[in-house]
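Enquirer: Construct all of the structure, not just a fragment, from the sequences and the given hints.
Counted the way my numbering counts, the sequence shown spans residues -8 to 183.
Source of the hints: derived by calculation from the structure; they are not laboratory data.
Dumping the calculated DSSO-like pairs for lysine-lysine here, alpha-carbon to alpha-carbon at most 27 angstroms:
no., residue 1, residue 2
1, Lys57, Lys72
2, Lys72, Lys53
3, Lys72, Lys47
4, Lys57, Lys47
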Amino acid sequence: MITTLVSEPLAPVQQEIGHPRHRHVVSAFSLEPSTFLQPVAIIVVPAVASFSASDKYAYGTKNGVKIGFMSDEFIEGFQGKVEENVPAHALRASRLRKMDQNQSALKEAGGEEANETFLASVWDLLERHAAGLSTGLDLSGNDNIFQIRDVSGTIREVRLYSLGRQGWSIATSRRPHLFARSSGSCFFTRYF
-8 MITTLVSEPL
2 APVQQEIGHP
12 RHRHVVSAFS
22 LEPSTFLQPV
32 AIIVVPAVAS
42 FSASDKYAYG
52 TKNGVKIGFM
62 SDEFIEGFQG
72 KVEENVPAHA
82 LRASRLRKMD
92 QNQSALKEAG
102 GEEANETFLA
112 SVWDLLERHA
122 AGLSTGLDLS
132 GNDNIFQIRD
142 VSGTIREVRL
152 YSLGRQGWSI
162 ATSRRPHLFA
172 RSSGSCFFTR
182 YF
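Expert: Here it is in structure tokens:
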């Protein structure tokens, strides 16, 4: 089932995607299921002029978001990163139907370049969750998987999972093929 929380018709949301009143919109679109991915939600994220990873992704609580763990690889690859002119876009949240050990789900979704998102967009989802809004993020212990460019310009798989009251765990690997994707994980791909 696809999560639907629409405050107005779809066309105005697409036309005014970056408008602050749409920061909370999670909308259902016509989504075709695939071999690996079962669509769950479409989440519209706003444009961001400038986003400093070091200002947000740190241990402790900021804007209601608690970071309980960051892997050494995540710190090494993303701290100090500044994202400029992040475009408004939509993310499709999908559940993995079965275990994926060789990046077949990512290939089926168009590859890492086509599905690149931003730390700013992930942070927006984390802030929405902290505010009690729907985000498409899995809270049951499964990974939430994103494709994000690191400070060197390499797209890496970033995984978040909820630690409950301990906050969020954020991890990445230098070699994404080392990560097997478990059935039930939430996989975020670019929608537009």
